[in-house]
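Q: Hints in hand, dock the two standalone chains.
Listed in order, the protein sequences are those of chains A and B. Straight run, no breaks: the first sequence in our numbering ends on number 259. Straight run, no breaks: the second sequence in our numbering ends on number 421.
Careful, some of the hints might be misleading.
Pairs of lysine to any residue residues, derived as SDA-like cross-links and limited to a Cα-Cα distance of at most 20 angstroms, are as follows [what the hints assert, rightly or not]:
#, chain 1, residue 1, chain 2, residue 2
1, B, 335, B, 316
2, B, 335, A, 56
3, B, 335, A, 46
4, B, 372, A, 187
5, B, 326, A, 202
6, B, 326, A, 49
7, A, 179, B, 296
8, B, 340, B, 384
9, B, 340, A, 175
10, B, 340, A, 176
11, A, 179, B, 306
12, A, 179, B, 345
13, A, 139, A, 182
14, A, 139, B, 316
15, B, 326, A, 56
16, B, 340, A, 47
17, B, 301, A, 180
18, B, 335, A, 203
19, B, 358, A, 139
Simulated from the structure, these hints should not be mistaken for lab results.
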Amino acid sequence: MNENQSIDQQSVASPQRRRFVSAASATAAGLAIAPGVMLYEVAHGRPEDQRASSAVRWGMMVDATKCASGCNDCVTACSTENGWTPVAESKHPKQAPQWIRKLELQDPLTQRETNLPMMCQHCAEPPCVDVCPTGASFKRADGIVLVNRHTCIGCRYCMMACPYKARSLVHEHLNDTQKPDVPRGIGCVESCTFCVQKVDRGDGTTACVEACTAAGHNALVFGDLNDPESEISQRLRELPTKQVRADLNLNLGVRYHGI
Amino acid sequence: MSKMRGRPGWLTGLMLSAVLAVAGLSAAHAGAPKPVIEKAVKGEQCVEDTDYMRRNHMKLLDHHRDKTVIEGVRTKQHSLKGCIDCHASAKTGSVAAAKENFCVSCHTYAAVKIDCFDCHSTKPESSSALHSTTSDAADYRHKLAARTKTGLSVQELVGAPR
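Chain B on its own, in the form it takes in the complex (with noise of 0.2 angstroms):
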């Protein structure tokens, strides 16, 4: 405390000054909180290098689509269900189900609104049982319902009340 009352007082109003620049600096480039890029669950390496697919994702993405809904041409290069196979978070199964996501995470960040996930799902092949909760397991009781029935003749099932 005596030290502090001993201080010349250009020296604090020196100190004060350079804080409140240091916490300016530091207000203006907090914007928005940067993305969390999580690490593909699946390979060490992308389809195509980082920095081209940070650009042009979107670019092989419409190719690919058209190829694929018009000609029926599956390859797996480019197909975004091959991007949700290595890219779905450990946590959600998801690319796009929590903010930390790998599509949402980014896409947030530079405010791009993206519609892939009205119709496609967000999930690789294998996880869809798992999800208790969802309407998905409404139609695996019906798979499940459907194996049981392959047993009854087809006398039984004209009979069957409906």
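With the rest of the complex left out, here is chain A (with noise of 0.2 angstroms):
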């Protein structure tokens, strides 16, 4: 009984003991090279010459339980920051593109409705990647999975390789009414960047976090998952959750709590 007690005690006092560790030696090595520069980086992202960072990995947390039924607003906000129209208000709703979809689930058996958004997963070992015949579709070293739209073909293999649904084909010209952050464009498969033009200038955020957070649900969170401190890691820490699909082995940036 006493043994059990001890090894509980160690495996709870253990991760502490090794964020310690790990903060105490990060703190170091900013020391060591530069004080200021150290804080600045963390505060403001990285500066614009580096290179993204496998350092880093951006994930999201979606909490379901705080998901209102009947909001759109992360969808929404979406469409603004990345310039894609509306499937509502697309003269072609079928083939019109969609980065993030909400999903109104009920189990058949209990009645109970679960909301959710819907986008690309970020896994770590994509699906998408591993079948573009040109290497257009890749993962960023900070975990985002992107298109090349230099080299996307439009094949739509990808699509058809998705678990999830997530990528769209551009069918339609879009007649420079493009964001000049965000470039996409007819013959191309596009979908959920992360907000990557966000990521880069250092906002720490996207663009449905913003919206969900700003409506008051906070049922989305966005950071590192490498980072023991962030507030991701943390709820992470706290609250179960799922990854769509696990059975796929995939390892997704997009964790579900709730459902």
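A: Structure follows, in structure tokens:
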């Protein structure tokens, strides 16, 4: 009995100790290089001439228990930020690009309803990257899965490979209605980019998360999964979360609570 | 009139042939209209020498696009956005909306088709909200709608009809 207890205590204490050690060493490294610079980088993201680093892995947590039925703010914010026309306003809704969509699910047995946004899950092992014949579908060092439109030939293999139906093809000329920060165009596949333009700017958040927070739901959290002190890591430690289609072993960047 | 009649025939012939020769010469030179190079709205000096840029801007852009898309490097020195910020026409606010705009004017003359603007915006950041007729405006409406919505409570949103 005593032995069991001591093991339990150890297992509880050890991650904390590890966190403390890593935090201490990070501070030491920061001090050794330049004390002020380190702090600035943490607060404002990386400088513009520095590459995305694999020390960071961007991820999102969706708390489906807080996601409100009938609310579409995350979808609206995404279309505004990234310049895609909302499906309802499109002339051809069936083929309209859709970077994020709201799902309302109901358990047929219990009638329990679940609301959640579905978008690119930013897999660590993305099937869209595996199947791309030109290498246009790729995973950036910081875990964001993107389409390089300069090499995309619009074959749509990635759309078929994606288990989450997260990707769309742009079927029509956009006639210079794109946002300067978000190039997108006919004949290329596209999907959620975790607002890569905002991430690179150092905003540290995405349009959908901003909108969800502004609406007071706080169902979305965005952050660095590799940083044990980030809000998302702390929330993931506390709450039980699931990966959608966890059986595929894709190690998703988006985790859901309450589904 | 009397003077003309008095001119010797050989002189008239010579003048005529000279006029024809000049006309022929200028016709041969006319060809395609020369590109109109609009002066950059912002700034006095390009990021590289003008001569270098005329020959090599495509190499710089190609290199920079890969650095940006794949590695996430977003320096402004050789970015297409940087080009557009300076060279967008004062009249159209774009580098490719009208025939005399910066990119189009040269590329038409050189008969080199570019597809940059199939995907990239031809306008600098700030001007996008000004164009009320584009679908950009529809997105902007959404932004306004999203802002007004933020006052609603969770309960109101749950109860709101779809």
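Q: Now, for every hint given, state plainly whether the structure supports it.
A: Against the structure, the hints come out as follows:
Restraint check: the Cα-Cα separation between residue 335 (chain B) and residue 316 (chain B) comes to about 14 angstroms, which is no more than 20 angstroms; the hinted pair holds. Annotation: proposed proximity of residue 335 (chain B) to residue 56 (chain A) is violated, straight-line Cα distance about 23 angstroms (limit 20 angstroms). Distance check on the hinted pair: residue 335 (chain B) and residue 46 (chain A) sit about 15 angstroms apart at the alpha-carbon level, within 20 angstroms; holds. Proximity of residue 372 (chain B) to residue 187 (chain A) is assessed by CA-CA distance (about 17 angstroms); at most 20 angstroms being required, the pair is judged to hold.
For the given pair, residue 326 (chain B) sits about 18 angstroms from residue 202 (chain A) by alpha-carbon distance, which is consistent with the 20 angstroms threshold. For the hint pairing residue 326 (chain B) with residue 49 (chain A), the CA-to-CA distance comes to about 10 angstroms; that is within 20 angstroms, so the pair holds. For the given pair, residue 179 (chain A) sits about 26 angstroms from residue 296 (chain B) by alpha-carbon distance, which is inconsistent with the 20 angstroms threshold. Of the pairs offered as hints, the one joining residue 340 (chain B) and residue 384 (chain B) holds, with about 9 angstroms between alpha carbons and a cut-off of 20 angstroms not exceeded.
Note on residue 340 (chain B) and residue 175 (chain A): the hinted pairing holds, with a Cα-Cα distance of about 18 angstroms set against a maximum of 20 angstroms. Proposed proximity of residue 340 (chain B) and residue 176 (chain A) is supported: the alpha carbons are some 14 angstroms apart, at most 20 angstroms. About 24 angstroms separates the Cα atoms of residue 179 (chain A) and residue 306 (chain B), which puts this hinted pair outside 20 angstroms; it is violated. Distance hint between residue 179 (chain A) and residue 345 (chain B) is fulfilled; the C-alpha atoms sit about 17 angstroms from each other, no more than 20 angstroms.
For the suggested pair residue 139 (chain A) and residue 182 (chain A), the alpha carbons sit about 18 angstroms apart, so the restraint of at most 20 angstroms is met. Restraint check for residue 139 (chain A) and residue 316 (chain B): not satisfied, since their Cα atoms lie roughly 28 angstroms apart, outside the 20 angstroms limit. Taking the CA atoms of residue 326 (chain B) and residue 56 (chain A), the gap is near 18 angstroms; set against the 20 angstroms cutoff, the hint holds. A C-alpha spacing of about 18 angstroms is found between residue 340 (chain B) and residue 47 (chain A), which places the hinted pair at or below 20 angstroms, so the restraint holds.
With a CA separation close to 18 angstroms, the supplied pair residue 301 (chain B) and residue 180 (chain A) stays within the 20 angstroms bound. With a CA separation close to 18 angstroms, the supplied pair residue 335 (chain B) and residue 203 (chain A) stays within the 20 angstroms bound. The straight-line distance between the Cα atoms of residue 358 (chain B) and residue 139 (chain A) is roughly 39 angstroms, outside the 20 angstroms bound, and the hint therefore fails.
In the structure shown, a violation is registered for the earlier hints numbered 2, 7, 11, 14, 19, in ascending order.
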